[in-house]
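In case you want the letters, here they are:
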Amino acid sequence: MRMKFIETELKDTVFHRLDVRTKLVMLLCLAILGMALDQWKVLAVFYMAVLAIVVTARLSGDKWKVLLLISFLTMWGIMWVQAIFYDAYPRTPLLYLLPPMLVSPSTPLIGGLWEGIAFYYEGFGYGMAQSLRMITPMTLGLLIFWTEDPVRILTGLNKLKLPYAVCFMVMTCLRFIPITFAEAKVTLDSQRLRKYKPFDIKGIIFGYGIYKTTVQVLVPLLANSVRKAANMARSADSRAFRASEKRTELHEVKIKAGDRIIVLFFVGVVVCLLACKLFLYLSEADKFTSDILAPVYWITHRYL
Amino acid sequence: MIKIENLSFRYPTREEYALENINLKIKKGKFILLTGSTGCGKTTLLKCLNGIIPHESMGDFGGNVWIDGMETREQPVNVLAQKVGLVFQNPDEQIFSTRVLDEIAFGLENLCCPREQMRARIEWALAKVGMTAYKNHSTNALSGGQKQRVAVASLLALKPELLVLDEPISQLDPGGAQEVLEVVKKLSDDGITIILVEHRIHEVAAWADRIIIMDKGRIALNIPSGEVFKHLDTFQKLGLRSPKSKANLKPRLREAVAFAEAKSLRNSDRAFKEDKTKKAETMKITERSDYDKSVKRLVEVKDLWFSYDKKKAKNKEACALKGIDLNIQAGEIVGVLGENGSGKTTLMHHLAGLHKPQKGRVNVVGKDTVKHNAYRLAGSVGILFQNPSLMLTCDTVHEEVAFGPQNLKMPVEEIGRSVGRCLQMMELEDLRDFHPQTLSGGQRLRCAASTILSMSPDVILLDEPTSGQDILHIRKLMALCRDLVKQGKAVVLITHDFEIAAEYCDRIVIMSGGKIVLEGRPGEIFAADDTAAMMV
Numbered sequence: 001m002r003m004k005f006i007e008t009e010l011k012d013t014v015f016h017r018l019d020v021r022t023k024l025v026m027l028l029c030l031a032i033l034g035m036a037l038d039q040w041k042v043l044a045v046f047y048m049a050v051l052a053i054v055v056t057a058r059l060s061g062d063k064w065k066v067l068l069l070i071s072f073l074t075m076w077g078i079m080w081v082q083a084i085f086y087d088a089y090p091r092t093p094l095l096y097l098l099p100p101m102l103v104s105p106s107t108p109l110i111g112g113l114w115e116g117i118a119f120y121y122e123g124f125g126y127g128m129a130q131s132l133r134m135i136t137p138m139t140l141g142l143l144i145f146w147t148e149d150p151v152r153i154l155t156g157l158n159k160l161k162l163p164y165a166v167c168f169m170v171m172t173c174l175r176f177i178p179i180t181f182a183e184a185k186v187t188l189d190s191q192r193l194r195k196y197k198p199f200d201i202k203g204i205i206f207g208y209g210i211y212k213t214t215v216q217v218l219v220p221l222l223a224n225s226v227r228k229a230a231n232m233a234r235s236a237d238s239r240a241f242r243a244s245e246k247r248t249e250l251h252e253v254k255i256k257a258g259d260r261i262i263v264l265f266f267v268g269v270v271v272c273l274l275a276c277k278l279f280l281y282l283s284e285a286d287k288f289t290s291d292i293l294a295p296v297y298w299i300t301h302r303y304l
Numbered sequence: 001m002i003k004i005e006n007l008s009f010r011y012p013t014r015e016e017y018a019l020e021n022i023n024l025k026i027k028k029g030k031f032i033l034l035t036g037s038t039g040c041g042k043t044t045l046l047k048c049l050n051g052i053i054p055h056e057s058m059g060d061f062g063g064n065v066w067i068d069g070m071e072t073r074e075q076p077v078n079v080l081a082q083k084v085g086l087v088f089q090n091p092d093e094q095i096f097s098t099r100v101l102d103e104i105a106f107g108l109e110n111l112c113c114p115r116e117q118m119r120a121r122i123e124w125a126l127a128k129v130g131m132t133a134y135k136n137h138s139t140n141a142l143s144g145g146q147k148q149r150v151a152v153a154s155l156l157a158l159k160p161e162l163l164v165l166d167e168p169i170s171q172l173d174p175g176g177a178q179e180v181l182e183v184v185k186k187l188s189d190d191g192i193t194i195i196l197v198e199h200r201i202h203e204v205a206a207w208a209d210r211i212i213i214m215d216k217g218r219i220a221l222n223i224p225s226g227e228v229f230k231h232l233d234t235f236q237k238l239g240l241r242s243p244k245s246k247a248n249l250k251p252r253l254r255e256a257v258a259f260a261e262a263k264s265l266r267n268s269d270r271a272f273k274e275d276k277t278k279k280a281e282t283m284k285i286t287e288r289s290d291y292d293k294s295v296k297r298l299v300e301v302k303d304l305w306f307s308y309d310k311k312k313a314k315n316k317e318a319c320a321l322k323g324i325d326l327n328i329q330a331g332e333i334v335g336v337l338g339e340n341g342s343g344k345t346t347l348m349h350h351l352a353g354l355h356k357p358q359k360g361r362v363n364v365v366g367k368d369t370v371k372h373n374a375y376r377l378a379g380s381v382g383i384l385f386q387n388p389s390l391m392l393t394c395d396t397v398h399e400e401v402a403f404g405p406q407n408l409k410m411p412v413e414e415i416g417r418s419v420g421r422c423l424q425m426m427e428l429e430d431l432r433d434f435h436p437q438t439l440s441g442g443q444r445l446r447c448a449a450s451t452i453l454s455m456s457p458d459v460i461l462l463d464e465p466t467s468g469q470d471i472l473h474i475r476k477l478m479a480l481c482r483d484l485v486k487q488g489k490a491v492v493l494i495t496h497d498f499e500i501a502a503e504y505c506d507r508i509v510i511m512s513g514g515k516i517v518l519e520g521r522p523g524e525i526f527a528a529d530d531t532a533a534m535m536v
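Going line by line, the protein sequences match chains A and B. Using the numbering used here, you'd call the opening residue of the first sequence number 1 and step up by one each time. Using the numbering used here, you'd call the opening residue of the second sequence number 1 and step up by one each time.
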């Protein structure tokens, strides 16, 4: 059984040729940017930029489908949830599910619903920002996973001073993702052949189906993983894993000039953004204000 | 090379000793076959050789083990790793890298080997196992035998004195097993000491210099392999397979493949393009007319073509199944044999309704699998997957066995009767309240088999149930299959075990490259002199 959406695609594109450390730094920077930025429009610009990078990596149609599906479902779900649970003011109701004043504020337990339940315009915006924060680094993360050999990711993480044992665990997890998917399919198939529908619509709507299926799939998967992990640990030990503090590497990893420029650019953008945010915070908290920084305050307040 | 003196070991939670007073001397360069029934202490002995016991596994440890003059008690595991290499049953659980080159380098990098020396050792190790041409290949693209050879090479690169292989061929087809055994024998000839643990004694005995049999933590027999036929009673007494005068049963596979290549492929080409009824021909030793037509056909497969990549379905070479024709009647056990990747499991998944034919038709118990998926076929078809542990999802063995019948809405009394009968047949009554995942490997297999049998399906599909099992458990399962076919069921058994197929199957189907290339009765499929050899 082949699951193309989890297989690495090794091609000759600019993104493929980048050093894995550059890609990991880009990912880290995007995660920081996502957390620091508030305006959904700016976040959308970053997301579009990441999608442009994905285009240059010439991914297969299967992977595009998966990427867009995951992104759409994440964005759609978060936006609707935030639209209905948005509690900041001002807020503009678009559609009421429960009209205001239908419940008296003095009613026990549900008195808080006196304002009604509605989808709020501002909630959609907030949800959009939240979802973009999530899907931007997720998209780049998937792109790295799809374009890099796990061994190169291991080497890259190790070169970024992450302990080797941790890097090795990350690489092993990546290597076993396709196998775990295949194993989950066996469990689901065996349930179907015992007249059990793991994804019964009624069960999903009421939640119990999702819980039951998750538990029933996880139990054999985890038990199998534990057994596998024991064998893998023995196998790694028999090949002197962690025999000494240092280790040599078969492949020499050298960062190129182009990689340095990209890293500097991304780090520079993050540093600038964080500096802008810090200046605005200090100004708003009356701790430090300077007239020279007025344009910075304005741009940060309005766009960042 | 290896000296073991008065070795005893007891796990903390057990009362009995796993190893009791073991004394053993093995000379450098010898090839030892270590065998015994499940739980006899083989794996515990291996752990003592590479220092996992006593360094990482707690328990009462007594006696001494020396490897190349080094006492294991005094040396850490990572130092012993350079002396003792361990190869495991499942190649997928010991390959960490995605490229062959990186996999071999893993151990060398851990030992801080300089880059130039590392490259030289990688080349040497790959040459030793005949995998030089695959240096830059993806490990995922290798066959089972090739993966196992890569696993051996990754240890060889560390230049161990002793290579310990724990059931390395149990999941391989005969071709893959042969590849691995040839490599191991060559290494032994080059002076590396080999200890190979295996249940498939009949396939390995001929390669070994000595055979050591363990029973209840003790050494029951330690003989040169040439003397094995003087001790057949010991093999029988301990419930082990008897070694054979010839290494293997050999079906007329080569003959059939040549036949298929000469005639059928051209026909299948045309059939595919012209959409005619003529498909990949099968070399049928027993014509279908020999079978009793009055008996109900439970499975009918006609001109089945299937590709995992739908876009490439029109490219016949990319198809996993190429024009399969197969009928299975009530009351027969059909053995499906063939190398890894020949399409056996894909065919079985079609019979269970897990795949839909892209061309052709599959009817199971009168139901077309295009209209009846796995869910709708439940109760009519049961499948025991290759890894039965993945089928066990409930909290107790009893709940697990009752899961299918309950979903099928069988009456409560009938569920009780069916579950009770299955638990009794599979010797699981005492374990009914245990969590299925806490059972031993053999018990999990029997539990998974019970989950199917409790639904009384008409067609029972078994995907390599003999892998890694000792002969007693295999015989019990096959005897049960015999009983079931007498009740009008049909059993389809995928196996690499020619001996079991020859002994228990009514009909053998041999697959190669997605086609059935040979079909007939066991006596006709296996060469006569080899079948005679089997009876020794």
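Hints listed in this document are in silico derivations from the structure and should not be mistaken for laboratory results. Any given hint could turn out to be false.
Keeping only pairs whose Cα atoms sit at most 27 Å apart, straight-line, the calculated DSSO-like set for lysine-lysine is [what the hints assert, rightly or not]:
hint: 1; chain 1: A; residue 1: Lys256; chain 2: A; residue 2: Lys161
hint: 2; chain 1: A; residue 1: Lys11; chain 2: B; residue 2: Lys135
hint: 3; chain 1: B; residue 1: Lys371; chain 2: A; residue 2: Lys185
hint: 4; chain 1: A; residue 1: Lys185; chain 2: B; residue 2: Lys486
These stretches of chain A come out as covered by chain B in the derived footprint (C-beta under 8 Å, 3 or more residues) [said to hold, decoys possible]:
hint: 5; segment: 57 to 65
hint: 6; segment: 100 to 108
Taking CB as the label site, the calculated pair distances span [as the list claims (entries may be wrong)]:
hint: 7; chain 1: B; residue 1: Gly130; chain 2: A; residue 2: Thr180; range: 53 to 59 Å
hint: 8; chain 1: B; residue 1: Asp233; chain 2: A; residue 2: Phe145; range: 57 to 63 Å
hint: 9; chain 1: B; residue 1: His137; chain 2: A; residue 2: Phe145; range: 16 to 22 Å
Since the model is a prediction, treat every value here as computed from it, not as a measurement. All residues carry an ideal CB built from backbone N, CA and C; glycine is no exception.
Status of the hints after comparison with the structure:
no.: 1; hint: Lys256(A) with Lys161(A); result: 19 Å, holds
no.: 2; hint: Lys11(A) with Lys135(B); result: 19 Å, holds
no.: 3; hint: Lys371(B) with Lys185(A); result: 21 Å, holds
no.: 4; hint: Lys185(A) with Lys486(B); result: 33 Å, violated
no.: 5; hint: 57 to 65; result: violated (count 0)
no.: 6; hint: 100 to 108; result: violated (count 0)
no.: 7; hint: Gly130(B) with Thr180(A): 53 to 59 Å; result: 31 Å, violated
no.: 8; hint: Asp233(B) with Phe145(A): 57 to 63 Å; result: 58 Å, holds
no.: 9; hint: His137(B) with Phe145(A): 16 to 22 Å; result: 21 Å, holds
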